[in-house]
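Trainee: One letter stands for each residue in the lines below.
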Amino acid sequence: MWHWLKDYSLPGALKEQGVLGMNARNYKIISKNNNRRQYPLVDDKVQTKTLAAKAGINTPHLIGVIEYQYQVKDLTRLVKDYPQFVIKPAHGSGGKGVLVVKHWDDDCFVTASEKVLTFKDVYQHISNTLSGLFSLGGQYDVAVIEEMVNFSDIFKDFSYQGVPDVRIIVYKGYPAMSMMRLATAESGGRANLHQGAVGVGLDICTGKTLNAVMHNKPVSEHPDTHAELKKLQVPYWREHLIIGAKSYEMTGLGYLGADIVLDKNKGPMMLELNARPGLAIQIANGRGLMDVIKKIDKTYPKNLTPEERVDFLLNQAETEPK
Amino acid sequence: MKNLFTVRKILTLCLFLSIIFTVFSVYYKITYWGFDFRPNRTASVWSIDAHISFKPTGEPVKVSMAVPTGAAKFKILNEDIVAKGYRIEKNTDNGRIVLTSGPQKQDQDIYYRLTVYDNEEGRGKLRENGVQIPRKPVYGEQQMQMAEEILAAAVAFDGAWPQKIITLFNQEPMNPTLNAFLPVKMTEKQRVQIMIDLLAIKQIPARMARGVRLEEGKQAAEADLMLEAHDGHKWRLYDIRTGKAGLPKNFIVFQHGGKSLLDVQGGVDSKIRFSVLKSVTSSFKLAGHRAQLNNFGKMFDYSIYSLPLLEQNTLKWLMVFPLGILVVVLMRNVIGIPTMGTFTPMLIAMSLVKTGFWPGLICFALIIAIGLLLRAILSKLNLLLVPRISAVVIFVILIMQFMTITGYRMNWEIASSAVFFPIIITAWIIERASITWEEDGAANATREIIYSMITAVATYFVISNEYIRHITFAFDEINLVILFTVMLLGTYTGYRLTELKRFSPLAKKS
Chain V
1 MWHWLKDYSL PGALKEQGVL GMNARNYKII SKNNNRRQYP LVDDKVQTKT LAAKAGINTP
61 HLIGVIEYQY QVKDLTRLVK DYPQFVIKPA HGSGGKGVLV VKHWDDDCFV TASEKVLTFK
121 DVYQHISNTL SGLFSLGGQY DVAVIEEMVN FSDIFKDFSY QGVPDVRIIV YKGYPAMSMM
181 RLATAESGGR ANLHQGAVGV GLDICTGKTL NAVMHNKPVS EHPDTHAELK KLQVPYWREH
241 LIIGAKSYEM TGLGYLGADI VLDKNKGPMM LELNARPGLA IQIANGRGLM DVIKKIDKTY
301 PKNLTPEERV DFLLNQAETE PK
Chain S
1001 MKNLFTVRKI LTLCLFLSII FTVFSVYYKI TYWGFDFRPN RTASVWSIDA HISFKPTGEP
1061 VKVSMAVPTG AAKFKILNED IVAKGYRIEK NTDNGRIVLT SGPQKQDQDI YYRLTVYDNE
1121 EGRGKLRENG VQIPRKPVYG EQQMQMAEEI LAAAVAFDGA WPQKIITLFN QEPMNPTLNA
1181 FLPVKMTEKQ RVQIMIDLLA IKQIPARMAR GVRLEEGKQA AEADLMLEAH DGHKWRLYDI
1241 RTGKAGLPKN FIVFQHGGKS LLDVQGGVDS KIRFSVLKSV TSSFKLAGHR AQLNNFGKMF
1301 DYSIYSLPLL EQNTLKWLMV FPLGILVVVL MRNVIGIPTM GTFTPMLIAM SLVKTGFWPG
1361 LICFALIIAI GLLLRAILSK LNLLLVPRIS AVVIFVILIM QFMTITGYRM NWEIASSAVF
1421 FPIIITAWII ERASITWEED GAANATREII YSMITAVATY FVISNEYIRH ITFAFDEINL
1481 VILFTVMLLG TYTGYRLTEL KRFSPLAKKS
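Chains as they are written, first to last, in the numbering used here: chain V, 1 to 322; chain S, 1001 to 1510.
Just so you know, these hints were derived from the structure itself, not from any lab.
Note that beta-carbon positions come from the ideal geometry of N, C-alpha and C, so glycine has one too.
One or more of the hints may lead you astray.
Claimed, not checked - Have a look at the derived ranges for each label pair, beta carbon to beta carbon:
id, chain 1, residue 1, chain 2, residue 2, range
1, V, Val65, S, Pro1338, 30 to 36 Å
2, V, Thr305, S, Ile1010, 37 to 43 Å
3, V, Val65, S, Leu1315, 51 to 57 Å
4, V, Val65, S, Tyr1467, 55 to 61 Å
5, V, Val65, S, Thr1404, 46 to 52 Å
6, V, Lys54, S, Gln1401, 56 to 62 Å
7, V, Gly267, S, Leu1483, 40 to 46 Å
8, V, Lys54, S, Ala1369, 50 to 56 Å
9, S, Leu1381, V, Tyr300, 52 to 58 Å
10, V, Arg36, S, Lys1009, 36 to 42 Å
11, V, Arg36, S, Pro1338, 21 to 27 Å
12, S, Ile1010, V, Arg36, 18 to 24 Å
13, S, Ile1010, V, Asn265, 43 to 49 Å
14, S, Lys1009, V, Thr305, 55 to 61 Å
Could you put the whole structure together from the sequences, leaning on the hints where they help?
Mentor: Pasting the structure below:
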């Protein structure tokens, strides 16, 4: 009768592991480190892109922005030089309303998941985006057209459709925790953990797998591709970290999540930033975030440049006994 | 961290102060306004009619009557005299009403009506020093001997002398000596007089107290009596039926001591007869009157309870919401149940109160189910957001109309409660559930709805509880306590209950 109680742990046990809870995240971390005035910088992808360019962070090239319904038909003119492109809502979240066009000609568009869409379908999609179908709270939105990322083949075996991306939690400019989210058949090609994507916790100093979970339970291989998750190693790890570190100065947010993808030719690119990154990353890493945050607060030096911070972090790892 | 500490400190202090204020206020309302924690508390209101009648002799008339004084153990709701052609003078010092008029010819009827409530038990003590030792009654030798025998028999009983004698008088079968001593036929008054005489032998001053025993359906009865005896320091009242000391709850004393209950000059054959009528009213309704009596009328005038009944009912409905809000806050921030929209569950709970629990739930489930079905068809049309949600709103209205009409025709009362659900909220629930359905599957959509309903049901049980509704209305200061509790919860940084499960893999690992 009481067996279900075994699924629960005592608050003290979680505290000991330094697990950060939702209330503590909102009250102690977000409301103390993130100024509400800076939220629009990360909620609006157009603004994020402009800022990132200034800060010297690579992002997918912006082809154009469709702001009003009458501009919807300009799409073909905008993308005429681009065989592949992505349509995104500027205020979207969780991958909602993202349309990846892999190939198009005078008749139709072919999406990344091999779906064939007519021009009318795509126009409808953009119209929906503008009317706020995919944005938070249903407010009017704009559609962002950007160049498609040429995903590096390294992760090909690790993801079922979709884009594997790296999420780095940055606290006061220091990368604190990271994970890679791998889409599965169950998650419908999307990289949201609650929909059944695999979360792989990455060692913040090396970019190597620490631990992997699916639906909060440990897994050792990808359920669809059967790739061994232990073998995952993100290349250009230092560059990833630098993007994360730079986004602190770029936005002024003390606690943020940076989503980074790896382009075959251009290296790591920042896709988007999040002012309220979720807590599932702790489960993927198999450790609590609070310990790391405390350590950064207490012992890490302030007033360093992003590169200095990343180097400090990497040196720290070498001197620290394992 | 320092900042957090002070915010919490201030809120805790506010919470503490509001608790103290509430406790004081609850005490005050119970003591002075007669409020109660129980709902539907009733209070008995007693109407005492004193009917005075006499035949005039042709001389100027002066009627003097003893009435209860303000120091009595009850509250006077109303006092009224019907005496045509008399000049009325009330003397509150000696507790008498004096009526005067010129000579009268016909038989006279004067009515004095007193309406009292909140009558309480009293100790029935009256301090008076230097009371003279009474003279022994003038008895013959044989009579004196009998009296001595009676007193000797009374010693065996418990209590003070007046109680011993009363017990002996009420003994069944009666003591033979006493039986012989008493006249064969006697009035209650004579009986009490004999008790007073016997007490005089024991050198205890005693007298009669007259008043009315509050008994339902008393018609044209004579004044009821109590025995009052002096214990050296004060007068004490004794019930002549039971011998119990003190003023019983159901006895209203009109007159004490030597003076008469009724004096009539210019009239003969004067009589006073009492009738008693009991009525029951809500204790709450008397609150305003109690407040006036206690000189707290101003404060009452500026409280909810002085408003017209319609406004009171609206406020009573509103006063329970803070508690409902507290439930929602607890569910979300402490337990960690996600709900659709912050206060959607509370709005559903409000509707459930109006429809009744099961009819409401069944009806709501039906509306959502039909709504989702129609919405599924709608989603194929790829409409823009605002027109689409507007269409869902109209769907909901049509479903409600359909259900109400069908319910009425088929005599299913359940279906006709459909109209009580908030239309816009219902439409948004359908819209959100349908989007979740498309994106995350039916299981997630159902889970979202069920979580919202769990919260709604919990809120329903809080706001529909009769006791809770009464208390939050009668003691509305409690809402201040709830306010600061909610604010203090805004600084709660502990784990949510659901997180104990969500993050348990992290704790189990080591």
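Trainee: Each hint: holds or not?
Mentor: Verification of the supplied hints:
1. V/Val65 x S/Pro1338: 30 to 36 Å: For V/Val65 and S/Pro1338 the Cβ distance comes to about 34 Å; the hint holds.
2. V/Thr305 x S/Ile1010: 37 to 43 Å: holds (40 Å)
3. V/Val65 x S/Leu1315: 51 to 57 Å: With Cβ atoms ~52 Å apart, the hint holds.
4. V/Val65 x S/Tyr1467: 55 to 61 Å: Taking Cβ atoms as reference, V/Val65 and S/Tyr1467 lie about 60 Å apart, which means the hint holds.
5. V/Val65 x S/Thr1404: 46 to 52 Å: Since V/Val65 and S/Thr1404 have Cβ atoms about 49 Å apart, the given range 46 to 52 Å holds.
6. V/Lys54 x S/Gln1401: 56 to 62 Å: Since V/Lys54 and S/Gln1401 have Cβ atoms about 58 Å apart, the given range 56 to 62 Å holds.
7. V/Gly267 x S/Leu1483: 40 to 46 Å: At roughly 54 Å between Cβ atoms, S/Leu1483 and V/Gly267 fall outside 40 to 46 Å, so the hint is violated.
8. V/Lys54 x S/Ala1369: 50 to 56 Å: holds (52 Å)
9. S/Leu1381 x V/Tyr300: 52 to 58 Å: Roughly 55 Å apart at Cβ, these two residues keep to the hinted range, so it holds.
10. V/Arg36 x S/Lys1009: 36 to 42 Å: violated (25 Å)
11. V/Arg36 x S/Pro1338: 21 to 27 Å: holds (23 Å)
12. S/Ile1010 x V/Arg36: 18 to 24 Å: Distance hint for S/Ile1010, V/Arg36 holds at roughly 22 Å.
13. S/Ile1010 x V/Asn265: 43 to 49 Å: Violated: the Cβ-Cβ distance is about 57 Å, outside 43 to 49 Å.
14. S/Lys1009 x V/Thr305: 55 to 61 Å: Violated, at about 39 Å.
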